[in-house]
Every structure is written in C-alpha cells, then in structure tokens.
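Asker: Protein chains in written order, with the numbering used here: chain W, 1 to 425; chain X, 1 to 425; chain Y, 1 to 425; chain L, 1 to 425.
Hints are all accurate, no fakes.
Computed Cβ-Cβ distance ranges for the label pairs, DEER-style: (1) N390(L) with Q235(X): 57 to 63 Å; (2) I181(Y) with I84(L): 46 to 52 Å; (3) L134(L) with K290(Y): 47 to 53 Å.
DSS-like mimics (lysine-lysine), calculated; alpha carbons at most 25 Å apart, straight line: (4) K179(L) with K365(L); (5) K179(X) with K179(Y); (6) K95(X) with K64(W); (7) K290(L) with K228(L); (8) K95(L) with K64(Y).
In case anyone wonders, no lab produced these hints; they're calculated from the structure. Backbone N, C-alpha and C define an ideal beta-carbon position, used for all residues, glycine too.
There are 4 protein chains.
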Amino acid sequence: MSLLADMLATVFDRRAARITTRAYDGRPLEEMAEALIETSSETQVHGLASAILTRFSSLSDEQKLGFFRHLSTGMDIDPAAVRIALNAYEATPSKATYRAFMAAAEPRRQEFVRRLNQVPNATAALVQMRADLLRLGRNDATLAALDLDFRHLFASWFNRGFLVLRPISWESPAHILEKVIAYEAVHEIQSWDDLRRRLEPADRRCFAFFHPSMPDEPLIFVEVALTKGRASSIQSLLSESRVPITANDADTAVFYSISNCQPGLAQISFGSSLIKQVATDLAAELDGLKTFVTLSPIPGFRKWSEQTGTPWQIDHAETMRRLAAHYLVNAKREDGLPYDPVARFHLGNGAVISDIYAMADNSEKGLSQSGGVMVSYFYDLAKATTNQENYIAKRQVKTTPAVKTLAAAAAAAEKNKTKEEPAQV
Amino acid sequence: MSLLADMLATVFDRRAARITTRAYDGRPLEEMAEALIETSSETQVHGLASAILTRFSSLSDEQKLGFFRHLSTGMDIDPAAVRIALNAYEATPSKATYRAFMAAAEPRRQEFVRRLNQVPNATAALVQMRADLLRLGRNDATLAALDLDFRHLFASWFNRGFLVLRPISWESPAHILEKVIAYEAVHEIQSWDDLRRRLEPADRRCFAFFHPSMPDEPLIFVEVALTKGRASSIQSLLSESRVPITANDADTAVFYSISNCQPGLAQISFGSSLIKQVATDLAAELDGLKTFVTLSPIPGFRKWSEQTGTPWQIDHAETMRRLAAHYLVNAKREDGLPYDPVARFHLGNGAVISDIYAMADNSEKGLSQSGGVMVSYFYDLAKATTNQENYIAKRQVKTTPAVKTLAAAAAAAEKNKTKEEPAQV
Amino acid sequence: MSLLADMLATVFDRRAARITTRAYDGRPLEEMAEALIETSSETQVHGLASAILTRFSSLSDEQKLGFFRHLSTGMDIDPAAVRIALNAYEATPSKATYRAFMAAAEPRRQEFVRRLNQVPNATAALVQMRADLLRLGRNDATLAALDLDFRHLFASWFNRGFLVLRPISWESPAHILEKVIAYEAVHEIQSWDDLRRRLEPADRRCFAFFHPSMPDEPLIFVEVALTKGRASSIQSLLSESRVPITANDADTAVFYSISNCQPGLAQISFGSSLIKQVATDLAAELDGLKTFVTLSPIPGFRKWSEQTGTPWQIDHAETMRRLAAHYLVNAKREDGLPYDPVARFHLGNGAVISDIYAMADNSEKGLSQSGGVMVSYFYDLAKATTNQENYIAKRQVKTTPAVKTLAAAAAAAEKNKTKEEPAQV
Amino acid sequence: MSLLADMLATVFDRRAARITTRAYDGRPLEEMAEALIETSSETQVHGLASAILTRFSSLSDEQKLGFFRHLSTGMDIDPAAVRIALNAYEATPSKATYRAFMAAAEPRRQEFVRRLNQVPNATAALVQMRADLLRLGRNDATLAALDLDFRHLFASWFNRGFLVLRPISWESPAHILEKVIAYEAVHEIQSWDDLRRRLEPADRRCFAFFHPSMPDEPLIFVEVALTKGRASSIQSLLSESRVPITANDADTAVFYSISNCQPGLAQISFGSSLIKQVATDLAAELDGLKTFVTLSPIPGFRKWSEQTGTPWQIDHAETMRRLAAHYLVNAKREDGLPYDPVARFHLGNGAVISDIYAMADNSEKGLSQSGGVMVSYFYDLAKATTNQENYIAKRQVKTTPAVKTLAAAAAAAEKNKTKEEPAQV
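Based on the provided sequences and hints, a complete structural model is requested.
Answerer: Below, the structure is given as structure tokens:
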C-alpha cells in the first residue's frame, strides 16, 4: 500500500506543482495567498496551497515573521464592513444577510488557512506554521489575533471526536517510537533500551492520541505503570533491575508521565480526555485495577520557595513533604487557582491531591525543581465531575486527610517562624 | 479489535450516561443545550453531548423543528454585543479585544455543535441532524442562518484534506456495499448480483470518499468502467452478457455514475476532487489509460423542452442529438451558467462537452428525463484549470467541434422554425 | 495493496510463464511432471509448477482421470528399492542410509505435490485437484493410494496450528459472504437478506477457520445464536420477526449450523477444534454465557427407520422424540459406534446428548430426513476429555437422564411390539 | 486485537494446562510423548502438546539430549514391520495396505512433531527445538535421522508457497527491527541509528520472508541499496555522510547483505526465492532499475590462501583482485562445485560473477576474511535458468570476460611461480 501510495502521491504532486509553477513562480507569497482566497477553481486551490506551503517552509525566520504580519494586518476584518453587514442582518434577518455578516465578521486569513488545509499532509504543515508563529511572535502583540484564529480552527479540527486513541508498544513502528523518545518531557528517555523498559514489560503501558490526518505524529502520550500498591518513587518505577509483574496482578495504574508532542497545538487541550479514556479502557481490560493515580512532578516548587523565602531542607524528608503539601494546597495565583501548573491541570480534571513522596525523583532535574519530592493525584472517575465543578466554581483544592495534615503542619510552622523572625521579611 | 472496541465503548458510554442522567434527566433539551455551552468541565461536556444527541434522535419532527427554532433564535448573535466588541477591537486591537469580538460575532450555536461533536460517533449524528433541518426547514427562512452555521462547520470538518479515498470492490464489507446499493442515484442497482457486475469484473472500479470519523458511511462514490474506446450507451456498460476485458487492455476510463450519499452534507462539494483524484490514481496505475470521460445523464433536458416548446422526436436519433447539444450549449440560467445541473458540475470542473449519444439510456428514467440521450464530458487534466477559469470568468462552455456543429444545426433549425412558424409562440 | 499485489503477481507470472513456455509448451503433462520432480533449479520448479497447474485446470474429466492414474502407477513406490534402502539402514543406521530410505519409502508423487505448492495460490488449486480426484476416482481402487498421499500432505499443511479463526460478520467482505451463502449445508441461506439476519443482529455470531495461503476461502464455519434459555426449534431461531436480545443478556450459545466448505479437504477434520475454540472465545468475551449446546439435525433417522421397519408418527411429538432418542442411543454400526454421522461427530468431541425436540425443523428437508425432530448436544468443556475417552475406548454414548428415559421408553415399546407382532419380520 | 487475542489465549491456555496437569504432572516426558501419539482425543492432543513444549523448554542441555535420543531410538521405524507392510502392499495394492505401509514406513516421531504443532505458537517452539538439536547433536550420528525428520517436515511447512514477503522499513515494529539488528550476519548493525541509515533513506530497502505462524520472526532478510551505477565498496554504501538519491533516479539494485535468522531452519533454503522475488518486485515498482547485482563477501578466501600457500598482498589492489577471481573461479571442492560457500549460493541461483573490488570492505571482519576484497554477482533474470542448469549439470562457473581475464592472470602467475620456485612446496 505504502509503495503504491507513494507512487500516486508523487504523480499527483508533480502535476499539481506543474500547474502552479507555470503561473506563480517568482511572485511574492502575499500575492499567492491573495490568489488562493480569491480563486473559485478547486484545481487552483490545490496547486496554490501546495506551492505556498512549500515556499513557506523554506523561508527564513525573518521572512516568516513578515508573512505572519501580512496575514495579521492585510487579512484582518474590516470593521466598517462588519458594521454594514451587521446592520443589514439586524434589519432583515435572512439567509443572504446572515451569510454576508458571517463573511465580514470572519477575517480572510481563516479561509486562507482552511484552503491551505486541502492539500494532503497540510494539517501537519499548518501545525508547524503555528509553532513558528508562537516561537517568533511571542512578544508581538500584533500577532495575537492571528494566533487566536489558528487556535479557533485547530480547536475545531482537533475536536476530541476526531482523535483516535492508540496504544504505543514495543510493537509500534520505529518512526513513531523515535518521536516518543524525542517528545518525552517529564522523565527523559535515554536510549532505545530505556524506551523498551517502558513499553515491553507486561506491567507497562503507553497510549497516545492521534489525528487521522497526521497518522505519524502522536499529539500527546501518557506512560502508565501497573503496580501492586502505589509507587512512591520514579526511580523504582524505571529501575533497570526491577522484576515485572503480570498485568492481572496489578491493582493500581500509575500515570507517571504525560507529554504534549506538538508545540503548534499549544492551548488545545487533550490531556484530560487522554487520562480519562485510558483509565476507562484499562479498567475495562483489567478487572483487578481499582486505583488510578499519577506520580507527578512539582515544577513550580523551587521558584515558589525562592520567591517566598521558604528554604528547603532536602535531607529532611518529612519537612520537605510538609512544605510541598503546603505549596500545593495554599500557594495561589491572583485568580485564586493553584500556583503549580501540574496541580492546576489535575485538579482541573477533578483529581485529588492524594500523597506526597520525598526523595521520589532523585534525578538532577527532579532534585533541582522540587528537591526530589513528587506528588500523587488520585482519579476517582465517579467523583471527578463534582470535584471539577467545585474546583472551577469555588477554587476548592481537594486533598486526602493525610495531605491536609501535612499542609497544615507546614502552614503552622511557617506562621510560628514568621512570628519568631519578623525581621526576615 | 471490533469486539474489544465495542466492549470499551459500552463501558465508557455507560459511565458517561450515568453521570448525565443523574443531573439532567427530565430537564428540557433547551436547558441541557445551555448547560453544554456553559460548562467548563470536560466530563460534563461529554455526558451532556451524549444525552442531547440521544434525546434529539428520539424527537418527533415537530419537536425537532421546535428545537431548531430555539437554536436559531435563542442562540443567535447579539448585534449590540457584537457592536461593542467591534468598537473595542477597532479602538485597541489586542488579544483580549479580538477574542471578545470573535466570541460575540459567532452565534453560540456554533460552539454548541462543536461541543456535541466531542462524543464518539457524534459526527454522523450531526450530519443526520442537518439532514433533518434541511428536510423540515425547507420553507422556513428563520432557519436559514442555522443551516449556514452547520454548513460552515461541516465545510471545515469535511475539508478535502481530511477525506480518505478508498476503493469499493466486491471484497469490501457488506455493510458498506448495502449503502452503495441504497445511495446509487443515477442508475439504480437492482440487486446484489447487479452490484457484483459493477464491482467484480477486472474492467470495473468504484471509489468513495470517507471521513475518518464516519468510517462506515461513504460520502460520495463514483463508478468507473474501463473500456477500449468510448462507451456510447449505459445499457452496453451494464449488460449482463458483456465480456469483461483486462484492465491493462483498457484505453479509456468512463465515469458513468456519481452519487452523493449524505443529504446532511448538501452543498459541501466533494465531486470535483473525487473525479480528479480517481483519474490521477487510475492514470498512475494503468499505463494504457489515455482518456477520461463521463457518460452522463441530461436531467434538465425534458423540462427545458417543455418550457421552450421544443418537441422531441425520440425515434429520430440525429435530431435528438442536435437538440441535446443545443440545450447543453445554449440553454442558460439568469446568471449565464448552463441550465443543466450536471453540465454545470462538469464544466465547473474544467471538463469539455465531448459527445452526444442517442438511445444511450433506454431505461424508463433515461427515456423520461432526456429521451434516452446522454452526454460525455471529457476531462483533460492538463487543460482543466484553464477551462475552469474561462468557464467561471467568461461563462464559456467548451465543446468539441462535433458538438458545436450539432448545437449549431439545432440552433439554425430552431431559428428557421421560428421564422417559419412565428404563430407558435 | 491488492492493486499493487496484482500488478506484481502479473509481472512475476508472466516471466515465469515465459520461461516454461519456451521449453515445455506442447509436451505431455506427464513429461512436465517428471521434469518438475527432477529439476534442481528453483526457477524451473516455479515455471513448471505454474504451467502444470494451469494446464491441469483446463483438462477434461477424462484427461484428469488419466493424469491421476499416471501419478498412481507411474509415481508409486518401488518395493524393491524400498527393500534395499531398508536393509542398508537396518545394517548401518546413518544419515545417508536414513535419507535414502526416506526417499525410497515415499512415493515420488508426494514430492510432486509439494513442488506444485511452491507457486502463489497453488494451495487452493491443489485442494481443488483433490476434490476432482474424490469426484472422479470414487469407485477406482487404484486411486486410493494417491488420495492417501494428498490427505497425508494436507493433514500436515492444514495442521490446526496453521489455521486462523476469524469472525464472519455483516462487515465481512462480500466475496467471503457469498461463499458462506454457497457453502451453508445444513439450513440453506435463501438470500442476502437471510444472510444478514444470521450475521447482523447482536445475538448472532459466525466464525470460520481460514488457512493463510487461502485467505479468500473459508474452510469450515459455524453459525451461533446467543439466547436466553435453550432454543427448541430452528424456525424460531431463524424467524424474520424475532426480536434480537443484547449479547450480554444471553446465557446460552446455540451452535445451529456447521458447514465444511472444501470438498478437497474431506477427512481433514476441523470441526472439533472450531467448536471448542469458538466456545472458549465466546466464554471469554461474554461473562453471562454459561451453556454451550448445538441444535443439530439427525440425518440418518429416516434411513434407519425404513431399514428397521420402525414407522414414524409425525403428528405424535412424544413418540417421535422417543424414537429419535432410541435411534441416537442404540442404533450402532458394526464397529459399535452410533449409526448417525452427526452423533458420531459430537460424541467423538466429548459432547452429551442433551435434549430431543419434536417439530424443531419443519423445513421440507428437516421433515424428510428426521420428521422434524432435532437433537441438542451439550458441550461441557471441563468434562469433554473424559467423555471423549469413554466414547472412544468403551463406545459409551453419554446422555442426560431425560434422553435416557426417552430412549428406554422407545426401546421397551419396540420390544413389546416385537413380542406382540413376531410375524412382521 | 492484540489485547483481546492475549486475553483469549490466556483463558485457553489455562484450561488446556489444567486438563493436562491433572493427568500427567510429574510423569516423564517420554511417557507424555507416547501418550501424545496414542491419544485419539483432540483435547488431549492440545493439552499434552502444550505441556510437552513447556516442559522441554525448561530442560537442561543434557536432558534435552536425552530426550532427542529417545525420539531417535524409541520412535524410529521398525524394519520388520515395514517389511511386512511392504509385502502386503506389493501383493495386494489397496487403500488399506497402502495406509498400513505409510504408517510403518514413517517413524512415529514425525507424527509426534506434527501433533506438537497443533498448539498456538508451536511452530516457533519446534524451530527452536531443532536449533537445540543441531547445537547439541552436531557430533552425534545417532541423531542425524531425527534431524532429517525435522527437515522433512519443515521443508513441507515452510514451503515457498506458504511464505510471505514483507518490506522491512523504519516504519516496521520495533520488536521486528531489533531482530534485524540481532540477526544481521554479514555487516553488523552497530546501533539503532545505524539501522535507520539502512532503512529510512529513499534509496534503501529491506525485505524479509515471514511464515504466517511466526509473524514476529523474520526467516531471512535482504538489504538492498538503490544506486546510480554499481557500488564498489561497502563502506561507501553504509557511510554516514553519503547523500541519498531518490528511488526513481536509481538504475541499479545492490543486494549487499542476506542473513538467515533461524538456526533451526538450517538447510531449508529461502535465499534464492527471496532474491528473485525482491528483484521482480523492485523491477515492477521502479521503471528505472535495469541492473540487479550483489556486493558479496568472499568468506573462504583466507582459508583457501592459507591452505594453498597463496600469500596475499593486501596493499596491491590488482593482485588481490586477480587472486580473488582465481579463487572464485578455480578453487573447487571434491564434488566439483566452488570452494566458496557464497559463490555456490549465487551461482546455484543462476547468477554470474561480474566484478571484483579491492578494498571494498575495510572492516576488521572484511580485511580478515578476504583482505578487503568483495565480489559482485550479477542477476539476469532472463538467463538465470540456463545459467543454473549449466552450473548444476556441468559445474560451469559463469563470469564476465573481465573476471575471466583477472582469474586467468592469477592462474598464469601461479603457474609461473610454481615453475620458478619449486622449492617452496
């Protein structure tokens, strides 16, 4: 199939390229973009879209930025036109007036992006284009609207209903696995042997979301360890010398790493769906699984300690656990949500802060960002919705009693300290 | 796979259903729709979307119409809010003001539909929902805007880049084939034996577009006969007693039937892409194929004859051919485009009116709509773009010299007739 | 894939054919067969095997019979050579002497058949060849040895370990389904609609064994109904108006039809494996399934009645049940095994005669062969081995007490009758 | 699928194991083997075969050897019984006498192995069993017959017609790729990156034969480089810094490595089929490919040099080429076939010795075994059969004129040397 597909693709691309080349070779990209929006010939759409995507990918960063600016300003909405169309629709609601309003209220760059997407493999190219935009336009307020348009379209195209959950295993294609190695963002995969240790044993699982138009690109993946009892450190989970158990003997699924793969899909959220779908599927497959927890990093812990002048005592496990619990439960942003981004993610999914483990990640990164402390979030699917609602509506951070006790101890200590050493502030 | 998938789906659906049932059972659909748009809990989205789709599918036509009216009026844009947001964006273009404008300028029912789409199998249900809307709202101007919203979203979701071309053969699954039997709109398929005659021989092909989220539902399909020389009648192509040739011996591909399968995707155009992709693929597979033509019906011929008082002479083949050529070339709508819908489709794709065949479809339907006359459109991929541009820009109807001669003869005859028999008008 | 595969196959076949054609065109098939055994060139093997299979398929029945006779006599073992090789091996067991003995003791036609099998698609052609042999050589004792050779090779090639169990559903390819229609031997499938009723509902299943070298040809298939309680008639199982249940609600799986598909694989037994594998799989999939039974015909009942002068009373259900029980339990062949072939099959698998149903198959065929009576065999996987051993070793026919009572009643009645009417014999 | 398959397999295995365990646990393997041959219960066959394979795999080498000896002697043919059956068949050829002869002439261990093969995954276990036999029984003449029986059965089961050719690419499953790394026997694969360089570029291909019952185990694979002109060294082919070409630009396919993967399938020949099938497929896919050659090692060159006292002059390329040509063309075994095993393989396939390259493999292994010299065999599919016949019948070694000249120069030099320095011998 693949050979035949390649052959055909080649033929097709060649013809399409020829058609465009004739007419647009050498013209500025901006002109081609205009032509793409204006043409009513489907063949033209195809040829132009191909040519634009190819041309864009070979631009320098500066040229890309220039083109993004053109899309932002040259293809923005025209307020006057929107007003006229709006008035007309308000006066006489009809198919014609509504259609005119829709056309005026949507910037032309949205149609531009939709038309680019008609070429095979365009979706991946467009995701890459937004990655460029985010990278290059980070500090450029004039590009924010363009990014919102991308985001609007991507949210529609990467709708949960279009995504496909696929297991990643040692039997998966190598070109997918090398992406897992590259994209793992939490606990780095050192080598193919390291990867195999995370995929091949009977008590290890990995799942990813894919989009049918980007079948070779995982969007997000989660690594799961099936354990007897809860895991209290990442080094024991990833140890080369551990003895695997059978999947049927496991009572707990530990989600120990979740990685987003596509910078161009930033702010398009898949993680919550992924965890819940995987938990549901594992529960259906393995009768013995009763508990679903994470073993998660605490990425904001150091920064908060430094900012608040709360010094760590790394060699004192209990103190570290208390401090971390306190940080997770009580450190808040201005909007009242937790300071820690990973905590926001899991609490926002309806999970509960369940356990705090000291010396649970003694990698350099783990020690550096959280003094080796890790946290376990507990997913109770039956209560997730209620937790989620309370979290969103009331900023309620749900914990187990044990964690509450830890946090309270730290808060009390801090208070005392504050009283005793007022000069420090 | 299918068994496991079913199992998991069942578990999942059961849990999701339980979550919703508890909270929304018995509430009006409109209230659930509001809740779906408002919630920021992903689990809620899932549960509500499932429940709404299930509930909707069991409504009576009258209830559906009522719900559509709610979406139209209760979830329309608010012109005042749009104006405020527009002014703010115009005054201070920024991420915040643009986001606010986008939100105001898009009716909430679009987000409603997008959220419904997050449930597995929702896409097919939404296509069915629009089919209901088109059927029930045909004469209801207030529903036109709602339909435009559906169309806007579907155009984005059913973007050419997301569609998959798949061959349909006698080795295809029976549940797909029964849909081909059901949806064939041009030359009815009488039975499974009739279907087999169109799929199994080495000189017959069929291709369909599918969407990954509706893998069991062809969107549009085309039936192709591989022939030596061009076919001049549909009855010879479909004859039970014909002797197949090998595909390698064929020099011509005849597209003899194109059928849209989904009423809910009306006005989302796939046909042009389908023909070009199939032609490209067949050309790549079979070196001997040099000519790509259709054998097409002339559905508007009778109506035009009756309206213009141009009587047929069915037993006079040459006269019929001339009349049909004249009709196709010269009968125009107010906008200057051809009167015949099939002609508009193929000419709009850049094809050429190539041949006119008398007694080419002697089925009851064929005799009734066009006196048995059929037309062949010729696709020259190299020239399609130019033809298309001339057709769109200049309303140019391109024909072969032979067809031009036929049309001219009929036009002359008519003129003479008009001169001779002025009393008739 | 299929297109590419076809292409390549064509190229390959063409070259291979060319190679052979040059050298062997026109020579007698017998000479080509000799050459095939003698050559040590793999390319030659390929070319000759292709040519022989093609040539054979176009022979008349008489010519085929002639060729079979050649294989029987011209390629038989040479007793003198066997004796010499045997003596040598006995005197000096060694690699060389054993190899020589193996070669002498195996008729050359076995190697001939193995070499034919090297061509793509040869396996199906060889199965067809044996079907021809069985059809044409039925009364020809000289061909029996040849058939034993085929059987020996096929038993090795169609070893249970090489077979693949695949579900057949309404989503299966049409070219497989039409074979299911054609091969159904127990309860004829009238139409595609009838087929759909046996495949599509949630409480219907069908499974078949396939061999990887004949992926388009089911070898044997079984149709299963999932029911609540046991089914007591075939007409209720196949009724057009019945209401399906969900698979999860079923407590019983009824195997109501088992059909062998390949006459050329006669005496190569798959049925026992199929039933046990399907029962095991269904038990694993559906927790609720507790009972596995058949609803089986009694094909030898009429013949036995006529031969033994035991007249039926079709309108008297209880009498029919008793007679049938008596027949199944007590009517034996010379070797002590049951007279009824279906009974031999299921008892040989370790099943138990469980129930007798009157008016359970009121089709013409059912009434004709067994007066409408059917029998249910019960599979208890845990006891199957013991039953099987007792059946084989002691000719023990295991039944439920109810069936034993029925049979005893009939036997008693017959005895009385015999006593009362001695003159009848 | 895999999950479900695993689940079912587990259930099945558990039941089968239970059945056997009850009866045979603790009994000697020999007794279980007897029972396996004797039983007529299919369930018993299944249970026993599973148990025997499991038990065997955990034996020590000494125990395995003991079991092999039992199969050799305890399950050999009984000459007296063969004689009786042979006499009976000779006297009265019939189905019964032939069947009795077949049974007597085949050692019972063949049926033993066939019955073992009925369990899922047994085929791979049996291949491993023969690998053990070859390893342990190398010098044990009494085991030779047993090995011939394995070989006889494997030749039938691994018949070319049952094998499946599959491309191996960077998109292949990792668990297959790691076997390619492990089994590569000619030019060692150093790492996953090295593997990628041989699979991913557009001008690299790899193909393997698989057996449907061992889908995770390649049997043999070949690595191919698509080149413009012929490659003259392995280091240029495998260079990290080379620039790939497109497949369409290649005119030559270089088969640079062929590796058998299964020691247990020794002497079952696949290589010839593999090369020809791959050449045929590549020719069909890529119109530009005109030449099919190997770049092959000369593994026997050093040994021959040492044995014949023909010293190398590694820094003198031309001398090395002449010597190698002379060796390949003129060095013969007692049976008249070439001394070099790789030469025998390719000449036996009908290839031609085409070119000799000096410093073509400067790896340690290459320098050691052939002083860095490599040879290219040329495959002309049209002439392969004739070459093969001449090679087999007349021991004819076909070369290009250039190679003939090289060999003649070396032979002449050697003669002269022999004349001039008679004292050396």
